[in-house]
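Participant: Listed here are the chains, written in short residue letters.
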Amino acid sequence: MSLSIATDLLRACQKGDAKAQTAFYNHYKKRLLGICRRYARTSVDAEDIFQEAFIKVFLKMGEIKNPEAVYSWTKSIVIRTAIDHYRKNKSLSFANDQLDSLPELPEEADAFSVLDALEKEEVVHYINLLPDGYRMIVNMYLIDGFEHHEIADVLGISVGTSKSQLSRAKALLRKTFIEKGIKSYEKG
Amino acid sequence: MKKDDELRKKLTDLLEDYEAEPEEKTWENIRAAIQPERRRKPWLPFFFGAALITASVGGWWWLLPENNSRGAARYVPHASEVVGHRFLAGRMYSGKPVRTALAHPERTAVVSVTATTLTKHTKNAPLGPNDIAALPLSASVTTKVNIPGIAPSNPETALYTPVFAASSPETPHFAPVKAISLLATTEMQLLPSRNNPPIMPPPAEALYRLRTPYRPLNYWMAGVQVLQTGQTMTALTYDERTATRIRQRRGVSPQRTGISVGMGYRRALRTRFDVGFSANWTNIPLETRYDVATLKEFDVSIKGNDQFEVTPRTEFTVDQIRRLNLAALNAETGYTFRLHRRYIRLGAGAGANFTLNSDEKPQLWWFTGLETPIGYSKYIFSVGYRRMQGQMLQPDQLLSTRLHTLEVGVKKKF
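If you read the sequences in order, they're chains A and B.
Numbering follows this note's numbering, with no gaps: position 165 of the first sequence is 165.
Numbering follows this note's numbering, with no gaps: position 267 of the second sequence is 267.
Just chain A, with the same shape it has in the complex:
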């Protein structure tokens, strides 16, 4: 979508034009639901977050001044809505008891090389299996390019906690890949 068209579309949406809102929704819906699927535990949750986030987007659309930033602005609302969703349901915690029983895995056992052989859906599925707190940090740091200080700011935790949680999340993800036998399959 060219900048002029995006600008026109944004202006029309800000005025409440129904056709423009439909066009805006159709343009961004797949990418934004993809983000929701990554952040949500289930597809049902993802649909809920997606719907809630889009309502916020349209209601707050008047705040956008720069049409070039509309996607990143919309994406940030979706991510914050996902975080709020699990925070509201009190399931977003950063306890480390899930990892107490994790085996020590050698770094060279690079389970993540299996990513090359996996479909997107499968990778998302394994991310979805992570506990809520780990899933948020994996998505924010490893996929959406947040830095630790930004994650700390959004999630209300310290930078050190963000780093340690990421490390544990990766360990858990690695353990999941190994348990599923994907690593051995990939080696074979």
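Note that these hints are calculated values from the structure, not bench results.
Mixed in with the good hints there might be a few duds.
[Claimed, not checked] Simulated crosslink set (BS3-like; lysine-lysine; CA at most 30 Å straight-line):
(1) LYS10/B x LYS120/A
(2) LYS10/B x LYS60/A
(3) LYS30/A x LYS10/B
(4) LYS88/A x LYS25/B
(5) LYS25/B x LYS75/A
(6) LYS9/B x LYS30/A
For this one, chain A is given, so just place chain B on it according to the hints.
Facilitator: The following block gives chain B in isolation, referenced to the frame of chain A:
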């Protein structure tokens, strides 16, 4: 760190543009939430219908012949003429002369059609399957018959027992339940006799109505109602979200019986104005059934090709009956004027309903409308608009409501 960056790049390349297709109904839900004015569109046929009814009745009323009205207006019946078959001239009733005795209450029947629309009903929940089953537009028909008491002990006390009222569907602003709720009321009016006008027996009655159909009475009122609800709410709690639907329960149950007690006062101010106040207390049952399910426990069925379906498993069911205590304060005023030899009474009222044992804020309402006789008959046509704003406490959410109601009714005295 290098491995970290590689993993980051790998995942970003793989999933940054990950896409999924939303369900079709999602956009409908979003649109309904972001464009509240769309929800008002059902008002258009609603108002056109009301305007058509008003225009039809009004046109008929204006086209009626006005024969005898001038002569009749000058005709003032003598007291002896207005003494009907039920009262004897010159006789004293409860120590009052016959003029007072004629203030005996009349039988009335009211039929009204109510159309209600809901323009806003969410506060902390998005529209969709998890929301309350509220309809944007619904209608109900209510009938009410006032029958004077069999043995009114004196002419200053009008005892209506019982007043029968029936409406269907029972709650117009929710998904309509095909039920008729019956209401039995006992209502007593204390009539200060010296301010009451005589009520004429036929044929002078029609003439009298034409001249002063709305001359208000001064009276105290007290009433008791026994309520029986046929509705129950079923809530499916699913992963901390709740879907609510209303179902019909047949039969009479003491657990679904409520009571309402009220009293009020109405007074005439000069000849054209009247004011009234009333208060009542109601205790009604709210029966709710919860089917509690969670995603943490689910049944999985394999569909083949690695496709599977997850169904939440109902863990337990809770039947809950709690009683709501409601208090209401209402005020009403009316102004009567004459237009084209007909009397028209404009009325307006406002009130607040308080829920005493819940977190709901008071429900506020106001009303405006008019009523006027149809021709010279005993029929009175009324049309009114009511707006109510408040909250409804659902099992796990507080919903804001804004209800608009148009009432069109015909009252007959006999």
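Participant: It remains to establish, for every hint, whether it holds in the given structure.
Facilitator: Going through the hints against the structure:
| no. | hint | verdict |
| --- | --- | --- |
| 1 | LYS10/B x LYS120/A | holds (12 Å) |
| 2 | LYS10/B x LYS60/A | violated (33 Å) |
| 3 | LYS30/A x LYS10/B | holds (21 Å) |
| 4 | LYS88/A x LYS25/B | holds (25 Å) |
| 5 | LYS25/B x LYS75/A | holds (21 Å) |
| 6 | LYS9/B x LYS30/A | holds (22 Å) |
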